[in-house]
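A.B. asks: As a plain string of letters, each chain reads:
There are 2 protein chains.
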Amino acid sequence: MSPSPTPTTPRPPLRVALAGIGVVGGGVVRLLEANRELIARRAGRPIEIVALSARDRHKDRGVDLSAYRWEDDMGALVAADDIDVVVEMVGGADGPALTLARQALGAGKALVTANKAMIAHHGIDLARLAEEKDTPLKYEAAVAGGIPVIKAIREGASANEIARVYGILNGTCNYILTLMEREGASFADALAAAQAEGYAEADPTFDVDGVDAAHKLSILAALCFGTRLDIGAVAATGIRDLIAADIREAEALGHRVRLIGMAERDPAKGGALYQHVQPCLVPADHPLAYVPGALNAVVAEGNFVGRLFFEGAGAGAGPTASAIVADIIDIARDEYGPAFAMPVSALDEAPVADPGARVGKHYVRLIVEDRIGVLAEIATAMRDAGVSIESFIQRGDEAGGGVLIALVTHEGPARAIHAALAALAASDHVVGEPMHMPILAL
Amino acid sequence: MSPSPTPTTPRPPLRVALAGIGVVGGGVVRLLEANRELIARRAGRPIEIVALSARDRHKDRGVDLSAYRWEDDMGALVAADDIDVVVEMVGGADGPALTLARQALGAGKALVTANKAMIAHHGIDLARLAEEKDTPLKYEAAVAGGIPVIKAIREGASANEIARVYGILNGTCNYILTLMEREGASFADALAAAQAEGYAEADPTFDVDGVDAAHKLSILAALCFGTRLDIGAVAATGIRDLIAADIREAEALGHRVRLIGMAERDPAKGGALYQHVQPCLVPADHPLAYVPGALNAVVAEGNFVGRLFFEGAGAGAGPTASAIVADIIDIARDEYGPAFAMPVSALDEAPVADPGARVGKHYVRLIVEDRIGVLAEIATAMRDAGVSIESFIQRGDEAGGGVLIALVTHEGPARAIHAALAALAASDHVVGEPMHMPILAL
Numbered sequence: 001m002s003p004s005p006t007p008t009t010p011r012p013p014l015r016v017a018l019a020g021i022g023v024v025g026g027g028v029v030r031l032l033e034a035n036r037e038l039i040a041r042r043a044g045r046p047i048e049i050v051a052l053s054a055r056d057r058h059k060d061r062g063v064d065l066s067a068y069r070w071e072d073d074m075g076a077l078v079a080a081d082d083i084d085v086v087v088e089m090v091g092g093a094d095g096p097a098l099t100l101a102r103q104a105l106g107a108g109k110a111l112v113t114a115n116k117a118m119i120a121h122h123g124i125d126l127a128r129l130a131e132e133k134d135t136p137l138k139y140e141a142a143v144a145g146g147i148p149v150i151k152a153i154r155e156g157a158s159a160n161e162i163a164r165v166y167g168i169l170n171g172t173c174n175y176i177l178t179l180m181e182r183e184g185a186s187f188a189d190a191l192a193a194a195q196a197e198g199y200a201e202a203d204p205t206f207d208v209d210g211v212d213a214a215h216k217l218s219i220l221a222a223l224c225f226g227t228r229l230d231i232g233a234v235a236a237t238g239i240r241d242l243i244a245a246d247i248r249e250a251e252a253l254g255h256r257v258r259l260i261g262m263a264e265r266d267p268a269k270g271g272a273l274y275q276h277v278q279p280c281l282v283p284a285d286h287p288l289a290y291v292p293g294a295l296n297a298v299v300a301e302g303n304f305v306g307r308l309f310f311e312g313a314g315a316g317a318g319p320t321a322s323a324i325v326a327d328i329i330d331i332a333r334d335e336y337g338p339a340f341a342m343p344v345s346a347l348d349e350a351p352v353a354d355p356g357a358r359v360g361k362h363y364v365r366l367i368v369e370d371r372i373g374v375l376a377e378i379a380t381a382m383r384d385a386g387v388s389i390e391s392f393i394q395r396g397d398e399a400g401g402g403v404l405i406a407l408v409t410h411e412g413p414a415r416a417i418h419a420a421l422a423a424l425a426a427s428d429h430v431v432g433e434p435m436h437m438p439i440l441a442l
Numbered sequence: 001m002s003p004s005p006t007p008t009t010p011r012p013p014l015r016v017a018l019a020g021i022g023v024v025g026g027g028v029v030r031l032l033e034a035n036r037e038l039i040a041r042r043a044g045r046p047i048e049i050v051a052l053s054a055r056d057r058h059k060d061r062g063v064d065l066s067a068y069r070w071e072d073d074m075g076a077l078v079a080a081d082d083i084d085v086v087v088e089m090v091g092g093a094d095g096p097a098l099t100l101a102r103q104a105l106g107a108g109k110a111l112v113t114a115n116k117a118m119i120a121h122h123g124i125d126l127a128r129l130a131e132e133k134d135t136p137l138k139y140e141a142a143v144a145g146g147i148p149v150i151k152a153i154r155e156g157a158s159a160n161e162i163a164r165v166y167g168i169l170n171g172t173c174n175y176i177l178t179l180m181e182r183e184g185a186s187f188a189d190a191l192a193a194a195q196a197e198g199y200a201e202a203d204p205t206f207d208v209d210g211v212d213a214a215h216k217l218s219i220l221a222a223l224c225f226g227t228r229l230d231i232g233a234v235a236a237t238g239i240r241d242l243i244a245a246d247i248r249e250a251e252a253l254g255h256r257v258r259l260i261g262m263a264e265r266d267p268a269k270g271g272a273l274y275q276h277v278q279p280c281l282v283p284a285d286h287p288l289a290y291v292p293g294a295l296n297a298v299v300a301e302g303n304f305v306g307r308l309f310f311e312g313a314g315a316g317a318g319p320t321a322s323a324i325v326a327d328i329i330d331i332a333r334d335e336y337g338p339a340f341a342m343p344v345s346a347l348d349e350a351p352v353a354d355p356g357a358r359v360g361k362h363y364v365r366l367i368v369e370d371r372i373g374v375l376a377e378i379a380t381a382m383r384d385a386g387v388s389i390e391s392f393i394q395r396g397d398e399a400g401g402g403v404l405i406a407l408v409t410h411e412g413p414a415r416a417i418h419a420a421l422a423a424l425a426a427s428d429h430v431v432g433e434p435m436h437m438p439i440l441a442l
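Protein sequence lines correspond, in order, to chains A and B.
Its first residue numbered 1, the first sequence is counted upward by one per residue in our numbering.
Its first residue numbered 1, the second sequence is counted upward by one per residue in our numbering.
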C-alpha cells in the first residue's frame, strides 16, 4: 500500500545530475557531501551525484568537483541512462534552462529546479509534460529560498480554501528597506550599501522593480488558488520611488514599509484573481513588520487554519541548496505528486481582477511648494475623486525645500486614489511624483 | 514511476471514519463538508466520511451528523472493510485511544491522530506497527495545531542536520504570559481570565505545568534528530512561579518571557539530547518575542537552511481539523512514508544530556527582606557557586513588603545557578522561592 521503502527492502541509490554550477550548485554539492549519511537515513536510500555540467569547467567554485563526472554538454545529462534526477540551476526563463527542462522531463527524468523565472513563464507547460511522462517536477527553491513554503501550501495547508497569500518575497528589497528604516538612508544610499554587501546585484532591476517577487507570487497564487499560472497578470511596482521620509512617516503612523507580493481571489467576482507586488504599509502588530534584513516571509490565510506565517532565508547557497535537496529527498522517498497540487487539467483559468476596484486604506505622500492655497488644492482633488482623509501630516523644510504632506485615507477603491493623484501630479505646485501605498489590511 | 494519479485514471474515494467527536471532530466534519470539492481536486479523489463513533451519540455538537453511519463501538470502525482511514480524536495517552490506534494499524488501516500524549508515550511502538503493516501513521495535528510543522521538519528541512528545535508549543501559557505582559496581571488573575475566555481548562495542570508542551517537544526532537522518542527524558518547568515583576524586569532588560520547549543535540557529547520545557527570556530581536496570545510558533535551525520560523494557531477546532485533513489528503495522494521520517530501526537511542552542564546566561529573581547584609549574602552565594553577574537591579517596596532583586548572569553552567539558589533558598532573609530562567541564546 505505501509507496515508501519498508526496512527490509534496501533501495538503490537515487542518481542525480547537476546542471549549472554557480554559488547554488556549489552549495548543493557541499550539502550532499556534508549530510550524506543523514540524508540516506531520511530518504531511505543514498543520494549520489553522478554528473555535473556547466559552461566553464575550470572556474574556481570553492568546492572540489574533481571526483564527479563532467559533461560539457548539458544534453548529455538527459541522454545518460544512469541519471534519475536532473537539477536545473542554469537560470533564465528561456534558453538553455528551458531546453534542458523540457528534454529532461521528455526523457522521463525527474526535474528539480530553483528557476522562478522559468516556472513563472513555463510552469504549466512543464507540469503538463511531467504528467504526460509520469515523472516529478519540483521547484521548492524557486519561492522564498530555504523556506519550505511550496510544501507548506501544497500539502500543509491543502485542506483549506486560501483567502489570500502574501509576503516578503525579495530579500534584496527587504534589506534595502530595513536599512532605510534603521539609518534613515535614502534609497540610493541603501542600494549602494546592499550592493557593497553582496545583497544586491550590479544591475538591481529584477529585484528593486519587483520582477523577481512577481515571479514568485505568480507561483504561490497558482498553488493556493488552483489557477493556471499567469505571470502576465501580475502587476509590479518596485521600491525606487520611496524616500526616507516615507519610511519615517509610516513609522509615525505605526507602520513599516515592506515590498509585499499579494494574491487574492474574489469569490464575489467570479473568482477574479488580484496579483500585485508593491510597497505597502504593514501595521506594527503584523508579523511581517518584524521581518528584518534579507529574510523572506510568507503568509497564507486559510478558511479553517487561519493565518499561517513562515519566515527564513530567501536566498543564498545554503538555504537554496536546502530546498533543492528537500525536493530530491521527496523524489527518493517517492513522496510527490502533481507540480501544482492538482493535474493541469483541474486548474482554473482565473479572470484578472480590476486593481482599481480594490478597496482599502492608502498612504499618500506629496512634496509641494510652500505657498498659500496648496493645501486647499490637495483637499479639493481628494474630495473630487471621492477620497476621504483619515489623518494628515504636514512638515515643512524637507530636503529640496518643499513641504511634505503625508496622509492616510479612509477605506476606498484604489482608482479614487489614482484619480486624485493624477489630478495633483498635473499641478504646478506639486514637486515630483506623488507616492502612494496601500495599507495592509489585517 | 509516480505513485500519484495521472489525470486519465480516476481513483476511488478515500473512506474515512472519525472516532471521538468533540470540538475537533466537529471541525473535521465541517471542513470536509465545506471544502469538499476543492479537497477532491487537490487529493486527486473524493474524501468521504463513512462512519462516526463517540461515547454519546446524542450530544449537541453544533453540526448535523445524522447523514453519517454511527457506531457506538469504536471497534466496529476497525472491523469494517469499507473504511480506509481511522481518525483518532479520543484523547489520552492510553486507554481507548491507544487500543483503537493499535487495532486500526494492526488491521492495516491508515491512522491519523491529533493525540500528542499518545504519540509521545507510544509513538515508536505505533510507528513500528505501521511499518509492519505497511500503512500510514500520521500526526500533524499533535504538534502546534494548524501549523504544518511536522511536515516542514520531516520533509521541508529534510536535507539539514538540525542543531536545535524550539518554540512556543502551548497556546494557553502564551495567552497567560501575553496577558501578564500587557496588563501587569498576576499569574492567578491571568489564568482566571484565560479560563473565562476558554483558553484554559478548569484544571489547567497539563498546560501551565508544561506537560502538554513536553509531549510536543519530544515528538519534534525525535523527528529533528532521528532519535527514539523519549518523553521520560523531557524536563518540564511550568509558569506558575512567575510573578508580574518577572515580566516587567525581563522587559526592562530587553526581553520577553515565553514558555519555550527546546531540544538540542550535542555532537561533542556523543549526541546527548537535551529536552526542556521552561519559561525563558527571549531577546526582543527574536521572532518568538512577538508571538502573541494563544498562537504557537516553532523554530528549527538547520546547518544549511539557517533559522526557519513557523507561526500559527496552535489549537482550536478549525486549525486542528486543517492539520488532520492535510494528513488525510497526503494519504489520499499516496504521499507519505515512515512516521518519524525514517524507519524505526534507523532511529538512534540518544543519551540524555546533563541539564546542569548546559551553558548560558540566566535571569535570577529573589524577594528578600529589606535589611543590612542581604546584598552581601546574595553576592557571596553567587561568587561561591562560580556565578558571575552581568547586571543587577534592586527595587524596594514590592508587594508583600520585600525588596526585589533581579539579575542577569554572564554565561555559565546551569548547575552553578542551581547551587547558588539552593544556598540562598536556605537563607532566613530570602522570602519564598527564588526564580531563575535561562536567556534564549540567538
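Calculated directly from the structure, the hints in this document are not laboratory data.
Do not rely on the hints blindly, as some may be mistaken.
Copies of the same chain look alike in the list, so a pair counts if it works inside one copy or between any two.
[Said to hold, decoys possible] Restricting the straight-line Cα-Cα distance to at most 25 Å, the calculated cross-link-like pairs of lysine to any residue (SDA-like) are:
#  : residue 1 : residue 2
1  : Lys269    : Glu251
2  : Lys269    : Glu71
3  : Lys361    : His121
4  : Lys133    : Asp209
5  : Lys133    : Arg45
6  : Lys133    : Ala185
7  : Lys133    : Arg11
8  : Lys59     : Thr237
9  : Lys59     : Glu251
10 : Lys133    : Ala202
11 : Lys269    : Pro292
12 : Lys133    : Pro12
13 : Lys269    : Gly373
14 : Lys133    : Gly22
15 : Lys133    : Ser391
16 : Lys269    : Arg358
17 : Lys59     : Glu349
18 : Lys59     : Asp94
19 : Lys269    : Ala40
20 : Lys59     : Thr99
21 : Lys361    : Asp82
22 : Lys269    : Pro204
23 : Lys361    : Glu71
24 : Lys269    : Gly22
25 : Lys133    : Ala289
26 : Lys59     : Ala425
27 : Lys269    : Gly396
A.B. asks: Take the hints in turn and mark each one as holding or not.
C.D. replies: Each hint tested on the structure:
1. In the homo-oligomer, the alpha carbons of Lys269 and Glu251 never lie at most 25 Å apart, since the shortest distance is 35 Å inside one protomer and 47 Å across protomers.
2. In the homo-oligomer, the alpha carbons of Lys269 and Glu71 never lie at most 25 Å apart, since the shortest distance is 52 Å inside one protomer and 43 Å across protomers.
3. Proximity of Lys361 to His121 under the C-alpha cut-off of 25 Å is found in neither arrangement, the shortest distances being 32 Å within a copy and 51 Å between copies.
4. Proximity of Lys133 to Asp209 under the C-alpha cut-off of 25 Å is found in neither arrangement, the shortest distances being 37 Å within a copy and 54 Å between copies.
5. In this assembly of identical chains, the alpha carbons of Lys133 and Arg45 lie at most 25 Å apart whether taken from the same copy (23 Å) or from different copies (21 Å).
6. When the C-alpha separation of Lys133 and Ala185 is checked against a cutoff of 25 Å, the pair qualifies neither within a copy, at 52 Å, nor between copies, at 62 Å.
7. Taking the shortest alpha-carbon separations for Lys133 and Arg11, both the intra-copy value of 22 Å and the inter-copy value of 19 Å come in at or below 25 Å.
8. With identical chains, the CA atoms of Lys59 and Thr237 are never at most 25 Å apart, being 37 Å at best within one copy and 55 Å at best between copies.
9. Neither within a single protomer nor between protomers do Lys59 and Glu251 lie at most 25 Å apart by alpha-carbon distance, with minima of 46 Å and 52 Å respectively.
10. For the homomeric pair Lys133 and Ala202, neither the shortest alpha-carbon distance inside one copy (40 Å) nor that between copies (57 Å) is at most 25 Å.
11. Proximity of Lys269 to Pro292 under the C-alpha cut-off of 25 Å is found in neither arrangement, the shortest distances being 36 Å within a copy and 34 Å between copies.
12. Proximity of Lys133 and Pro12 under a CA criterion of 25 Å is satisfied in both settings, with 22 Å inside one chain copy and 23 Å between copies.
13. Proximity of Lys269 to Gly373 under the C-alpha cut-off of 25 Å is found in neither arrangement, the shortest distances being 42 Å within a copy and 75 Å between copies.
14. For the identical chains of this complex, Lys133 and Gly22 are neighbours neither inside a copy (29 Å) nor across copies (45 Å), given an alpha-carbon limit of 25 Å.
15. For a Cα distance limit of 25 Å, the shortest separation of Lys133 from Ser391 qualifies neither inside one copy, at 58 Å, nor across copies, at 65 Å.
16. Taking identical chains as interchangeable, the C-alpha atoms of Lys269 and Arg358 lie at most 25 Å apart only when both belong to the same chain, with a minimum of 12 Å there against 58 Å between chains.
17. When the C-alpha separation of Lys59 and Glu349 is checked against a cutoff of 25 Å, the pair qualifies neither within a copy, at 45 Å, nor between copies, at 44 Å.
18. Taking the shortest Cα distances, Lys59 and Asp94 sit within 25 Å of each other inside one copy (24 Å), while across copies they are farther apart (61 Å).
19. For the identical chains of this complex, Lys269 and Ala40 are inter-copy neighbours only, at 23 Å across copies versus 49 Å inside a copy, given an alpha-carbon limit of 25 Å.
20. In this assembly of identical chains, the alpha carbons of Lys59 and Thr99 lie at most 25 Å apart only when taken from the same copy (23 Å versus 62 Å across copies).
21. In this assembly of identical chains, Lys361 and Asp82 lie within 25 Å of each other by CA distance neither inside one copy nor across copies; the values are 58 Å within and 53 Å between.
22. Taking the shortest Cα distances, Lys269 and Pro204 never come within 25 Å of each other, neither inside one copy (37 Å) nor across copies (46 Å).
23. Taking CA atoms no more than 25 Å apart as the test, Lys361 paired with Glu71 passes in neither setting, with 56 Å inside one copy and 53 Å between copies.
24. For the identical chains of this complex, Lys269 and Gly22 are neighbours neither inside a copy (45 Å) nor across copies (36 Å), given an alpha-carbon limit of 25 Å.
25. In this homomeric assembly, Lys133 and Ala289 never come within 25 Å of each other (Cα to Cα): the closest approach is 44 Å inside a single copy and 48 Å across copies.
26. Taking CA atoms no more than 25 Å apart as the test, Lys59 paired with Ala425 passes in neither setting, with 52 Å inside one copy and 65 Å between copies.
27. For the homomeric pair Lys269 and Gly396, neither the shortest alpha-carbon distance inside one copy (44 Å) nor that between copies (64 Å) is at most 25 Å.
The structure fails to meet hints 1, 2, 3, 4, 6, 8, 9, 10, 11, 13, 14, 15, 17, 21, 22, 23, 24, 25, 26, 27 from the earlier list, while all remaining hints are met.
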